[in-house]
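Peer 1: Listed in order, the protein sequences are those of chains P and F.
Quick note on my numbering: the first sequence kicks off at 17 and runs consecutively.
Quick note on my numbering: the second sequence kicks off at 17 and runs consecutively.
Hints may contain errors.
It does not matter which identical chain is used: a pair holds within one copy or between any two.
List time: in silico DSS-like cross-link candidates among lysine-lysine, alpha-carbon distance up to 25 Å [as the list claims (entries may be wrong)]:
id	residue 1	residue 2
1	K178	K376
2	K376	K355
3	K210	K178
4	K210	K376
5	K376	K445
None of these hints come from the bench; they were simulated from the model.
Remember, it's a predicted structure, so these values are computed and weren't measured experimentally.
There are 2 protein chains.
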Amino acid sequence: MVLTLDYTCFVRGGPQGEVGVDPEHLEQAADQHAEKLSSLKGKRDSGQLGFFDLPDDRSTMAACLEYAESVSGRFENIVVMGIGGSALGTQALHAALSRPLHDSRLPNDRPRLFVVDNVDPSLVGGVLRVANPETTLFNVISKSGSTAETMSQFLLFLEALKAAVGDSWRDHIVVTTDAQQGFLRPFADVHALKSFVVPDNVGGRFSVLSPVGLLPGALMGWNLPQLLEGAAHGRNRSLSGDFAQNPAAVWAACHHLLDTRCGVHSQVLFPYSHRLRLMVDWNVQLVAESLGKVDAQGRRIGPFPHGAVGATDQHSQVQLFAQGPRDKAFTFLRVLNHKDDLLIPDHPQGLDELAYLSGKTFGQLLDAECRATQLALTDAGCPNALISVPEVDAHSVGEFLMWSMVATAYGGELYGVDAFDQPGVEAGKVATYGLMGRPGFEQERSRVEGRKISDPNYRVI
Amino acid sequence: MVLTLDYTCFVRGGPQGEVGVDPEHLEQAADQHAEKLSSLKGKRDSGQLGFFDLPDDRSTMAACLEYAESVSGRFENIVVMGIGGSALGTQALHAALSRPLHDSRLPNDRPRLFVVDNVDPSLVGGVLRVANPETTLFNVISKSGSTAETMSQFLLFLEALKAAVGDSWRDHIVVTTDAQQGFLRPFADVHALKSFVVPDNVGGRFSVLSPVGLLPGALMGWNLPQLLEGAAHGRNRSLSGDFAQNPAAVWAACHHLLDTRCGVHSQVLFPYSHRLRLMVDWNVQLVAESLGKVDAQGRRIGPFPHGAVGATDQHSQVQLFAQGPRDKAFTFLRVLNHKDDLLIPDHPQGLDELAYLSGKTFGQLLDAECRATQLALTDAGCPNALISVPEVDAHSVGEFLMWSMVATAYGGELYGVDAFDQPGVEAGKVATYGLMGRPGFEQERSRVEGRKISDPNYRVI
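Pulled out of the complex, with its shape left as it was, chain P reads as follows:
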């Protein structure tokens, strides 16, 4: 059971009418496929794109599972300190794959997971109050060991941990960081902390299948072999030399053509699934940080990734989608089989108008809404694609993750940008260091302090 991509309504002249990819342009994209794919494969062969090979690294998976087994039953809480690529994949997979809390039909043998991805004191303090350090495992994730948000949390939780358990604090910490570089590696070594490696050639937003996501997954009981198998399957299809059989290439090429040729600058991922809702945030980072770039000609490029969740957003964003500017491309995620589906019961007397719902299931209703909304947006002339997901399980989720990552890397080839750097975040980082008084950033400090971008005498109400 694998994913399928139906891109009929991405192409001009499909049922959605005239807004869509010109079939001739799509043929040109097919003609360029060999070249683009070979460029990607070349980078992979030269060792740059480690994410391609993560699904095959069964020994890292085994190490995560072995560690999880060794601490099984010991911790009530897992606190992951991470931000961006160190948080979003784990959050998305947690929503999709973790057994729902308090599911009384299953043994309650898994801890609670908190992914602390901000420095707001209300969040950090809240987790500190909820998660008793004595029964908590802390997983700090930072490739460089210098991420200000993650490391400030680490200082706080470390202090609380030492106060609570004394010398045995070392048994409550797992470090996920670079193999050699950065500040966390020597700290882990000195204290003989359990540690895992973020491979050098895997960037944060491509790292969900490394220990960044696998370790929390092992602790939470996700089916990791299935996850990697699905990812491997998705990777293999996404490397097909036959453009028409390569979902990642086709999805990327359509998005690229919609953006650059059709004025469709936004792309909306629209899962009809509560459990897949956080795939949206993971995908937003992946696309935004990879493709939002200045290209070689100095042009600012990149589509604006966005999300919606069905059926909820029918009551929020669909009005705009249906009647607003046709500058958005939609990809529906339709779930074909809802495990643990529920029957909508008989209506009571006096609510006869609801008779049509009784006897159907919630899964049927959700699916009808997905089909209905796709049809309505198609009739409104909005380009859209449909990814059918057999069932929300580790295999299909792994496959989707890999489709998205390969499609994004492929997008880098199409746009002619480096999909793996993020030079645009440096300025803000350096200004933060200046404002926080980090040594070596004194000049930045005076520059920033001296700047009055909010002149109180000017345009303030």
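The hints should help you fit chain F onto chain P, whose structure is shown.
Peer 2: Just chain F now, with coordinates in the frame of chain P:
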């Protein structure tokens, strides 16, 4: 202590440079202010725009508080069944104003709140397992009583409730619906259920300060008098005839000019606050559903509202914001005072690089990141505004809600569309009825069933 809006960097020639509102256009907007405001006031005077007057309705607030007092201590869980405007405001206020769960410094006298805003069986079934009906109060919210998502949940929870508590099910249900119309009102009357009214002249996305949001708020212990006082204050400022002193009008006019004159079609609300993070989703519905319309000339118009949360999204979207197309307008929400701020502790030996963090607070770090990111986006030429929030409390949240609602209504005047209808969602709704076999929609059913928008022989991988 009130909000301020600094729009210096929305205007061309500000520190952000050339992408921004032309000052002459802003003067024209000021010249048209009297006319736009008078049109809004006229609609209000004719009884159409009930949301303007909700802050003054202290008797409804008192009724909500009185009911909450009468059931105080009786329920462990509140389950709100609602979607769109019946859910988003409550979710946003819950994140902002509810005492964090398990805050051990406060008496644990408040129930848990679940807002069930989707029909995915994994969500509905999860809530059913977590919330024991015997100790749960169910608040069903639907103006018409025909919302398929909400009513199917209602059928399920009603059945579970009757099975659990027999005849006393009536004491576990509160109905929030229209005063006279719809299916829920007679049902509530027949069974003498406790009920509240959604005023006839208040649309879903403008209803957060009606019993839709006030009743859950009363049950959860939000400071409702402060919330309404802040809203009244915001409303009064937003009705100022002096354009330069009217934050809602200026915010709306800048967004309108950025969209229609400067190619800045997206607007990003960017709170630097964990507690304000869900204001984004509430605001997305408000703007998308109100302004995403076909105008009188048949043009598809409307900005694309979007969100980001600081500091988290610095590691996700800021790369695109800084280097991608300059087609996005940002509004930062900066919190000036973080209650319950936390000190970042001393760094341990071996992590000397973190010395600059020690002794600062998490609130200081978050604020430095907000200032740094605003500066970085300004230097990158991106139009942006800054709303300063004295503190995340009921007063400032109420003020912000009212600013946004008035700005959106004002936007309707500027774009020349009806900000209070949603004709674009009908097609999907009708198609759903068809697929679900609702009587009277047989024709739609055969139309929909007959449509093959996803032809399996065409463009499927």
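Peer 1: Does each hint hold? Answer for all of them.
Peer 2: Quick rundown of the hints versus the structure:
Taking the closest pair of Cα atoms, K178 and K376 come within 25 Å of each other only across two copies (20 Å); inside a single copy the shortest separation is 55 Å, beyond that limit. With identical chains, the CA atoms of K376 and K355 are at most 25 Å apart within one copy only, with a shortest distance of 15 Å there and 48 Å across copies. Taking identical chains as interchangeable, the C-alpha atoms of K210 and K178 lie at most 25 Å apart only when both belong to the same chain, with a minimum of 17 Å there against 52 Å between chains. In this homomeric assembly, K210 and K376 never come within 25 Å of each other (Cα to Cα): the closest approach is 50 Å inside a single copy and 29 Å across copies.
When the C-alpha separation of K376 and K445 is checked against a cutoff of 25 Å, the pair qualifies only between copies, where the shortest distance is 17 Å, while the shortest distance within a copy is 53 Å.
Checked against the numbered hints above, the structure violates only hint 4.
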